[in-house]
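Residue 51 in the UniProt record's numbering sits at position 51 of the sequence shown, and the numbers go up by one each step.
I should point out that these hints are in silico values taken from the structure, not numbers from a laboratory.
Keep in mind that the hints are not guaranteed to be accurate.
Straight-line C-alpha distance at most 20 Å; calculated DMTMM-like pairs for lysine to aspartate or glutamate [said to hold, decoys possible]:
hint, residue 1, residue 2
1, K3, E155
2, K189, E172
3, K51, D28
4, K3, D28
5, K154, E140
6, K51, D37
7, K187, D82
8, K154, D82
9, K104, E48
10, K81, E94
11, K81, D66
12, K187, E176
13, K154, E118
14, K2, E183
15, K187, D66
16, K102, D66
17, K168, E183
18, K168, E101
19, K81, E183
20, K102, E121
21, K2, D100
22, K3, E183
23, K104, D82
24, K81, D37
25, K154, E121
26, K2, E155
27, K81, D28
28, K104, D37
29, K2, D82
30, K189, D28
31, K24, E121
32, K59, E140
33, K59, D28
34, K3, E121
35, K189, D82
36, K24, D66
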Amino acid sequence: MKKLFLIIGAPGSGKTTDAQLIAKANADSIVHYSTGDLLRAEVASGSEQGKIINGFISKGNLVPLDIVVGTIVNAIANAPKDIIIIDGYPRSVEQMQALDEKLKSQTQVRLVSVIEVEVSEAVARERVLGRARGADDNVEVFNNRMSVYLTPLKEIESFYTSLNVLHKINGERSIEAIVSEMEQFIKSKI
């Protein structure tokens, strides 16, 4: 059975970097997917689906539920390893519920934990605007992305706490400290 770990956190929390480093250090057993990377890859492909996705991403808005869930489920189904880390998902109560329904309706994948990388809004803003990777890294888009992240957060935390799978990590330390703690936690669950 495949074991699924979801990593959530504000824009700039470091969740993608953390997950990449853990997967790289454990390449024999762990595969990592970033929701953002999966969606950006679709945009880069130039497909019709990619054009639709880009219309949402470029404004910092959520991509429609059916597209995101389909992308995530497809990645999990085709994962070459049994331990899967997905960061940046879920970003809405609807995404959370849709994935929960998918997971309940099958026996191949089990959600082991949802790891929340906690950072203050000030730290997130400083990191995102300091890196300025692309057109979506400006104040207006950051503020929208932060709002999109924070709005459903309490309900998402409550849901995963009720399932006894939510684990919080302080994301305002060195990358090494965060990755070490997260990696030890993941390994303790497999």
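Here's how the hints hold up against the structure:
With a CA separation close to 23 Å, the supplied pair K3 and E155 exceeds the 20 Å bound. Restraint check for K189 and E172: the C-alpha separation of about 24 Å exceeds 20 Å, so the hint is violated. At most 20 Å may separate the alpha-carbon atoms for a hinted pair to count; K51 and D28 exceed this at roughly 34 Å. Our distance criterion of 20 Å between C-alpha atoms is met by K3 and D28, whose separation comes to about 14 Å.
The hinted pair formed by K154 and E140 fails the criterion: a straight-line CA distance of about 23 Å is larger than 20 Å. For the given pair, K51 sits about 15 Å from D37 by alpha-carbon distance, which is consistent with the 20 Å threshold. Distance check on the hinted pair: K187 and D82 sit about 13 Å apart at the alpha-carbon level, within 20 Å; holds. Restraint check for K154 and D82: the C-alpha separation of about 30 Å exceeds 20 Å, so the hint is violated.
For the hint pairing K104 with E48, the CA-to-CA distance comes to about 31 Å; that exceeds 20 Å, so the pair is violated. Restraint check for K81 and E94: not satisfied, since their Cα atoms lie roughly 27 Å apart, outside the 20 Å limit. Proposed proximity of K81 and D66 is contradicted: the alpha carbons are some 25 Å apart, above 20 Å. Distance hint between K187 and E176 is fulfilled; the C-alpha atoms sit about 16 Å from each other, no more than 20 Å.
Of the pairs offered as hints, the one joining K154 and E118 holds, with about 13 Å between alpha carbons and a cut-off of 20 Å not exceeded. Among the hinted pairs, K2 with E183 is consistent with the structure: their alpha-carbon atoms are about 17 Å apart, no more than 20 Å. A hinted pair counts as satisfied when its Cα atoms are at most 20 Å apart, and K187 with D66 does not qualify at roughly 32 Å. Only pairs whose Cα atoms come within 20 Å are accepted, and K102 paired with D66 is accepted, the gap being roughly 12 Å.
Using a Cα cut-off of 20 Å, the hinted pair K168 and E183 holds, with the two alpha carbons roughly 13 Å apart. Annotation: proposed proximity of K168 to E101 is violated, straight-line Cα distance about 24 Å (limit 20 Å). A threshold of 20 Å between alpha carbons decides the hint, and for K81 with E183 the separation of about 16 Å falls inside it, so the pair holds. Pair hint K102 plus E121 does not hold up; C-alpha atoms about 32 Å apart against a cutoff of 20 Å.
Taken as a hint, the K2 and D100 pair is honoured in the structure, with Cα atoms around 15 Å apart against an allowance of 20 Å. Taking the CA atoms of K3 and E183, the gap is about 14 Å. The hint holds against a cut of 20 Å. For the hint linking K104 to D82, the alpha-carbon distance of about 18 Å falls within 20 Å, and the restraint holds. The hinted pair formed by K81 and D37 meets the criterion: a straight-line CA distance of about 18 Å does not exceed 20 Å.
Restraint check for K154 and E121: satisfied, since their Cα atoms lie roughly 15 Å apart, inside the 20 Å limit. Straight-line distance between C-alpha atoms of K2 and E155 comes to about 26 Å, which puts the hinted pair past the 20 Å bound. For a cut-off of 20 Å, the pair hint linking K81 to D28 stands: about 8 Å separates their Cα positions. The straight-line distance between the Cα atoms of K104 and D37 is roughly 26 Å, outside the 20 Å bound, and the hint therefore fails.
For the suggested pair K2 and D82, the alpha carbons sit about 4 Å apart, so the restraint of at most 20 Å is met. Distance hint between K189 and D28 is fulfilled; the C-alpha atoms sit about 17 Å from each other, no more than 20 Å. Under the criterion of a C-alpha separation no larger than 20 Å, the hint pairing K24 with E121 is inconsistent with the structure, at around 28 Å. Annotation: proposed proximity of K59 to E140 holds, straight-line Cα distance about 9 Å (limit 20 Å).
A C-alpha spacing of about 37 Å is found between K59 and D28, which places the hinted pair above 20 Å, so the restraint is violated. Straight-line distance between C-alpha atoms of K3 and E121 comes to about 31 Å, which puts the hinted pair past the 20 Å bound. Proximity of K189 to D82 is assessed by CA-CA distance (about 13 Å); at most 20 Å being required, the pair is judged to hold. The hinted pair formed by K24 and D66 fails the criterion: a straight-line CA distance of about 30 Å is larger than 20 Å.
Going down the numbered hints, you'll see the structure goes against 1, 2, 3, 5, 8, 9, 10, 11, 15, 18, 20, 26, 28, 31, 33, 34 and 36, while the others check out.
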